[in-house]
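All chains, please: the whole structure from these sequences, using the hints.
Heads up: the sequence lines are chains A and B, in that order. Start counting the first sequence at 6; every next residue gets the next number (the working numbering). Start counting the second sequence at 107; every next residue gets the next number (the working numbering).
These are calculated hints, taken from the structure and not from any lab test. One should not assume that every hint holds.
As the list claims (entries may be wrong) - With a straight-line cut-off of 16 Å between C-alpha atoms, the simulated EDC-like cross-links for lysine to aspartate or glutamate are:
#: 1; chain 1: A; residue 1: K237; chain 2: B; residue 2: D146
#: 2; chain 1: A; residue 1: K236; chain 2: B; residue 2: E182
#: 3; chain 1: A; residue 1: K236; chain 2: B; residue 2: E148
Unchecked claim - Pulled a few chain B residues facing chain A out of the computed Cβ check, cut under 10 Å:
#: 4; residue: F115
#: 5; residue: V118
#: 6; residue: L126
#: 7; residue: L132
#: 8; residue: R133
#: 9; residue: Q142
#: 10; residue: A181
Small disclaimer: the values here were computed from a predicted structure and weren't measured. Heads up, the beta-carbon is just placed ideally off N, CA and C, and yes, glycines get one too.
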Amino acid sequence: MNRLILPLFALVALVVSSIGAEVVAQDHGHTEHADHIEGAEHDHTDHNEAAEQDHSGHADEVAGGDQDHSDHAGHEHVEQTDHTEHDHADHADHDHTDHAEHADFKAGEFIIHHIADAHDIHLFGEVHIPLPVILYIEGHGLKVFMSSALEGHGHGDRHYQSTEGVHYTMHAEDVLGDSGEAIAAAGSISANADGQELSVWDVSITKSVFGMLLILSIMIWVFGSIASQYKKNPGSAPKGMANALEPLILFIRDEIAKPSIGAKADKFMPFLLTSFFFIFFCNLLGLVPFIGGFNITGTIGVTVVLATLVFLLTNLNGNKHYWGHIMWPPGVPLPVKFILVPIEVFGIIMKPAVLMIRLTANISAGHIIILAFSSLIFIFGNGGESIGAGAGMGVFSTLFMIFMYALELLVAFLQAFVFTLLAAIYFGDATHEPAHH
Amino acid sequence: MGALLTPAFGTVFWASIAFLVVLMLLRRFAWGPILQALSDREETIASALDEAKKVRQEMADLADSNESQLKEARAERDRMLREAREMVDKMISDAKGKAREEADKEVASAKEAIVLERKSAIAELKAEVGTLSLEIAERLLRDKLQSSDEQEALVNRLIDESPLN
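Shown next, in the form of structure tokens:
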């Protein structure tokens with residue numbers, strides 16, 4: 006037990022300190038940020054137009070939050086003024102609003118920033134790994150640039166002016182229209198040229214996409230090498246990686262697929278195995294500190310694909326018995342059928358949707374709790390003013406985070422297991438041959 | 107918050123492509139061979155266990171038959187020993203019987219020979235005695251019948267004595 010706890014404690018302590026460094030860097034980042042803008046020279050000329058546009062855009066934005074306003078005002082103001090003034094104005098502006106902010110460290114924003122998908126991997130402080138931004142812009146074709154081309158980090162919108170005259174804006178906040186509907190989500194990229202908003206299809210390699218591709222390539226490598234090992238030594242005892250993963254493969258086959266699906270289990274085994282290991286490995290990657298806090302299975306875009314595949318596999322394989330139970334439930338009086346059928350039809354979509362929501366929510370919740378406990382340290386630390394309280398809270402939070410990390414390791418497996426099990430049960434329902442009619 | 111709850115087009119796009127491609131690749135190159143290998147191995151193990159059971163049964167059977175063979179052999183040996191002893195006994199008793207018979211036969215023939223000897227001896231003796239008696243009688247008669255009276259007397263007496271009527 007001791008051998009397990011010590012590294013875990015060290016791990017959590019390191020996470021806390023790294024997050025701490027990040028927060029501090031963010032606080033001081035404002036001043037650094039000012040020095041960062043080197044490409045501002047060309048920024049300027051082009052920004053004029055954009056700024057004008059921004060103006061109109063932001064002016065409409067009523068529900069954008071109160072202190073945002075001052076931020077935006079600062080930015081726009083700066084864009085219209087001189088380069089050097091930019092720094093000053095920005096700085097001054099921030100100082101002005103920061104007084105209020107300083108007292109209440111915004112844990113919500115901090116947490117959402119960490120669990121949301123992003124266009125770069127934020128390691129710590131000002132260190133980001135840029136990822137490729139791939140946009141298909143109607144009328145302009147495919148545009149690819151690194152996310153590092155977008156100026157600034159974590160301070161309002163980020164901009165990039167391409168040489169072709171397209172201006173890209175990555176939104177810091179959800180941008181809402183007149184009637185409060187979302188125009189652009191936080192982190193989304195919009196493009197305009199000559200004052201005209203362009204229609205953008207964003208197929209960037211985001212943090213979650215990158216993590217997903219990483220996990221999928223690891224899976225190909227791991228299971229490919231296991232397969233070749235089995236092929237080379239047929240019938241021999243498993244070694245190394247095969248030995249580690251074989252119990253899981255057998256577990257899915259013997260405890261999930263066969264009891265839930267029965268005779269047709271073999272047909273669904275590739276999907277069940279792939280989704281189980283994909284979810285499990287993604288969940289584990291999300292628990293690794295210092296690599297930007299991947300939240301792949303907490304990204305709804307990933308889970309919606311998994312759920313859609315479950316939906317398709319269930320309904321495309323549905324037999325007469327399955328559809329009969331949905332469209333004309335046997336054994337109930339006629340009036341009840343009229344109530345049951347809509348419920349059953351709704352259930353076709355609801356079942357996979359629940360899978361999606363459960364997975365996303367559980368994994369995000371785990372990340373949120375751990376981040377919330379680290380946030381507590383900085384809330385109690387009061388921006389460095391009450392170090393004693395911060396340190397005290399740090400001890401408490403660290404202990405709690407150890408517990409949460411252990412729990413999250415369990416959840417990482419459990420959610421992969423639950424998703425696979427329920428998918429298998431749905432497949433079983435769809436392919437089950439009637440025995441009782 | 108919108109970014110958290112709205113599936114982003116790019117993520118869905120990449121997730122669909124990447125997941126499906128990996129699913130197909132793994133199905134073809136990993137899950138197929140792995141599951142095949144696992145079920146093959148399970149069959150191998152099951153058949154090996156069956157075989158071991160069979161072999162154990164065979165071994166037990168063999169041991170049983172060995173035991174019975176040994177028992178049989180022992181019985182056979184005992185029987186042979188007994189038979190040999192019996193035969194020896196029989197031979198000895200046979201030999202004894204034959205010897206006694208032979209001896210009896212010898213004795214009997216000896217007795218017979220003795221009887222025959224005696225008989226012939228007696229006959230010889232009788233013949234001897236007869237000749238001797240005849241000689242004696244001859245001699246006596248010669249002596250006695252020297253005179254004719256005496257011869258007459260005798261003839262008379264003999265005539266008297268003979269039952270002629």
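Comparing the hints with the structure gives:
Annotation: proposed proximity of K237 of chain A to D146 of chain B holds, straight-line Cα distance about 14 Å (limit 16 Å). Proximity of K236 of chain A to E182 of chain B is assessed by CA-CA distance (about 59 Å); at most 16 Å being required, the pair is judged violated. Taking the CA atoms of K236 of chain A and E148 of chain B, the gap is about 15 Å. The hint holds against a cut of 16 Å. Checking F115 of chain B against chain A by beta carbon gives a least distance of about 6 Å; that is within 10 Å, so the hint holds.
The closest approach between the C-beta of V118 of chain B and any C-beta of chain A is roughly 5 Å, which is under the 10 Å cut-off, so the hint is satisfied. For L126 of chain B, the suggested interface contact is upheld, since its CB lies about 8 Å from the closest CB of chain A, less than 10 Å. Interface hint status for L132 of chain B: upheld, as the beta-carbon distance to the closest one in chain A is roughly 5 Å, under 10 Å. Given hint, R133 of chain B at the interface with chain A, holds; its Cβ is 4 Å from that chain's nearest Cβ, closer than 10 Å.
Given the 10 Å rule on beta carbons, the hint for Q142 of chain B holds: about 8 Å separates it from the nearest Cβ of chain A. Interface restraint check for A181 of chain B: the shortest CB-CB distance to chain A comes to about 48 Å, outside 10 Å, so the restraint is violated.
When held up to the earlier numbered hints, the structure conflicts with 2 and 10 and fits the remainder.
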